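For the protein sequence lines, the chains are A and B, in the order given. Counting from 1024, one number per residue, gives the positions in the first sequence under this note's numbering. Counting from 14, one number per residue, gives the positions in the second sequence under this note's numbering.
Because the hints were derived from the structure by calculation, they are not lab data. Any given hint could be a false lead.
[What the hints assert, rightly or not] Keeping only pairs whose Cα atoms sit at most 27 Å apart, straight-line, the calculated DSS-like set for lysine-lysine is:
1) A/K1089 with B/K58
2) B/K98 with B/K58
3) A/K1331 with B/K38
4) A/K1322 with A/K1240
5) A/K1271 with B/K156
6) B/K117 with B/K38
7) B/K92 with A/K1271
8) B/K117 with A/K1310
9) A/K1176 with A/K1221
10) B/K98 with A/K1089
11) B/K92 with A/K1089
12) A/K1077 with B/K38
13) B/K156 with A/K1089
14) B/K44 with B/K58
15) A/K1337 with B/K117
Predicted, not measured: the structure shown is a model, and the values here were computed from it.
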Amino acid sequence: MSTPHSLVEGHLSESVENLRTDELLLNMGPQHPSTHGVLRVVVTTDGEIVKEAKPEIGYLHRCFEKHSENVDYMGVAPYVDRLDYLASMNNAMGWAIAVEGMVGIEVPRRAEFIRLIVSELQRIASHLMSFGTYGLDMGAFTAFLYAFRDREKILDIFEMMSGARLLYNYMWVGGVARDISPEAVARIKEFLDYFEPKIDEYNNLLSFNKIFIERTKNVGVIDQETCHSYGLTGVMLRGCGIRWDLRKDLPYSIYKEVDFEVPVGSGEMGTLGDCWDRHIVRMREMKESLRIVRQLIDKIPAGPHRGKVGKVVKVPAGESFSRTECPRGELAFYIISDGSAKPYRVRCKSPCFLNISTLDEISRGVMVADLIATIGSLDIVLGEVDR
Amino acid sequence: MTFDEILQKLQSQFPNAILGTEDSKPDRAIKVAPFDIPTVIRYLKEELRFETLGDLCAVDYPALPAFCVVYHLQSYAHKTLVCLKAYLPRENGASLPSITSLFKAANWFEREAYDMVGIGFSGHPDMRRILCPEDWVGHPLRKDYVTPDYYNGMPVPLFFEEQTPSEQGEHSK
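Isolated chain A (complex conformation) (with noise of 0.2 Å):
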C-alpha cells in the first residue's frame, strides 16, 4: 500500500484538524467474563470514551413472580433461593420472615441463632465471590485463587449442614430445616480462626495495592442524592456514606441482641462513593459478620430447630411488605395472600435489578476500562436481576 497522503511530511498538521471520528457500538455480553453472568450492556463510545452504556437484561428470567402462584407458601422457598444462588441463605431468611411475619409464626430460639450464623456466614461468602472476581476484573487473578479457596470452607460447612453446597433449602418458615450438629459448630469456630486474619492479608493483597487503587479510585462515582434516587440499598448506600443497615436500623430476628457496627464509605482514596468505597466496605463486613457470628456461635441455645408449622402453611387474607439486609441490598417480598393455600401475589423487590439500572448514569465519560471496574463494583448477580 502506498503512503497515505496525509501521512505525508507537511499535511499531517492539517489532516489531524480534518480527521473525523465515529461513534462505534459494541455489545459487551451476554457471554463475557467481565458481566459476571448473562448481561449485555449496549456501549456506544467514542475512540475510548464511553458515551453510553445501556444494560439489557433478561436473558435469566424466569419469571419466579408467576411460578410463586401456583405453589404453595413452602414450595416457594426452593425458588428463592435460586434468586441470588450466591446468598442463598440470606434470600430464604428472607422469605421465611415475611411468611412468618403474616401468619404470627413463633420462631424458636435455637432456629433464630442457627439462622443468623448461617446467613452471616452466607455473607462472608457472597462478599468473598465479589472480592475475588473483581480482583479477577482488575487483573488480579490471585485475589481470586484466595477467595475461593476459602469460600469454599464456608461451603463446605453448609454441606454438612444441609447437604447442598449452592442451592440449601435451609431455612424453612418457622425454623430451619435440620438442627445444627456439634461437628458443624466445631467447624465453624475453626473457620472463624483461620478466617480472621486472612482479611487483613487479602487487603493487603488486593484493597491496598497500589495498582489496584489507581483503577478504582475516583471510578464510578455515586452521589447521595443519585443514590436515593435510583434506590439504592445495602453496600451502594454505604459506599456513599451513608449509615444504614436494615440489621442496625429495623433490626429483624436477634439482631438487636449482637453487637456489631456498620462500615461505611468516606472517600479514602479519592472521591467518596467510588469503587474503592464500595470494595472496602465489602471488605470491612466479612469483619463485622465474623464479630456476629463469634458473638452467637457458643451460645446457642438448646431447644427445637423448628416451631410448630402444620404441613401446609396457612396463611391469613392480608399484605405484608418485608424487607431484609442482604449481601447486595435490602431484598424484599411483598406478598398478598387471599386466604388460600397459594399466595395471590408475590413481588420480589431485588437491590441487583435497582443497582444496575444505574450504569449508564454513572459510566457516561468513563474509559472502556473503567466501565468494567464499575460494573464489578456493582456486585450483580443475574439470577436477581431477572428473577
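For chain A, the structure is supplied; the task is to place chain B on it using the hints.
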C-alpha cells in the same frame, strides 16, 4: 411517623385525591386517585421526607375487575415506609402518569410493570418491555395469561404435558 399521621397529613393536603385506606393485615395502604399519584408522591418526597422509592409493582384483580399499581415509599429519616395504591380499570391500554421525573428508580420499575401486567405509564421516556423479549405476546402476570405454545417457532413449555419427549420433534416442524 406513624401510618395515621401520614394519612392525616395527606388527607388535609389532598382531600380529593385520597380515596381512603385499605386495612389489610399486617400492612395498611392508602388508596390514591390514579391521576393524582405524581402530586401526592411529590408531596411525600419533598415535604414528608420519603426519599426513596422502595418498590413499584402492578397487581391484576380480575374479580374486581381492576389493575392495581402499588407504590412503596421509603423514608430513612422516619425509618418507615408507606404504601400507596392506585386502582385502574381492567382494560388493555390502561395507563397512569409516570413518576420517573421524581425517582429514577421508577424508570425500570414501570417498564417491568408494563412488561408483566401491561399497564402503560404516560410520560415515561422509554416504554419498552424489559424482561421479556420485545416481540413477546401477552403479559405474564395477568391472571388470565395463557403461556403461548410457540415463540418464533420454538415450543415454549419444552415438554407438553400430554406428550412424551420423543413426540416433541413433530411439534417443532
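Query raised in the report: Is the straight-line distance between the alpha-carbon of B/K98 and that of A/K1089 27 Å or less?
Result: Judged against 27 Å, a Cα distance of about 21 Å means the pair holds.
Query raised in the report: Within a Cα-Cα threshold of 27 Å, do A/K1322 and A/K1240 meet the stated pairing?
Result: This hinted pair is violated, its Cα atoms lying about 41 Å apart.
Query raised in the report: Has the given pair, A/K1089 with B/K58, been kept, meaning a C-alpha gap of at most 27 Å?
Result: violated (32 Å)
Query raised in the report: Between A/K1337 and B/K117, does the CA-CA distance stay at or below 27 Å?
Result: Violated: A/K1337 and B/K117 sit about 38 Å apart, past 27 Å.
Query raised in the report: Taken at face value, is the distance from the CA of B/K38 to the CA of A/K1331 at most 27 Å?
Result: Roughly 22 Å separates the two Cα atoms, so the pair holds.
Query raised in the report: Does A/K1271 lie within 27 Å of B/K92 when you go C-alpha to C-alpha?
Result: holds (11 Å)
Requested in this report: Could you grab the alpha-carbon distance between B/K156 and A/K1089 and see if it respects the 27 Å cut-off?
Outcome: holds (9 Å)
Query raised in the report: Between A/K1176 and A/K1221, is the straight-line Cα distance small enough, at 27 Å or below?
Result: holds (13 Å)
**Report entry** Restraint status (C-alpha distance of B/K117 to B/K38 at most 27 Å)
**Finding:** This hinted pair is violated, its Cα atoms lying about 30 Å apart.
Report task. Verify the proposed pairing of A/K1077 with B/K38, using a straight-line Cα cut of 27 Å. Result -> violated (40 Å)
**Report entry** 27 Å Cα cutoff - pair B/K117, A/K1310
**Finding:** Between B/K117 and A/K1310 the Cα gap is close to 33 Å, so the pair fails against 27 Å, i.e. violated.
**Report entry** Proposed proximity, A/K1089 with B/K92 (alpha carbon, max 27 Å)
**Finding:** Between B/K92 and A/K1089 the Cα gap is close to 31 Å, so the pair fails against 27 Å, i.e. violated.
When the structure is compared with the earlier hints, violations turn up for hints 1, 4, 5, 6, 8, 11, 12 and 15 and for no others.
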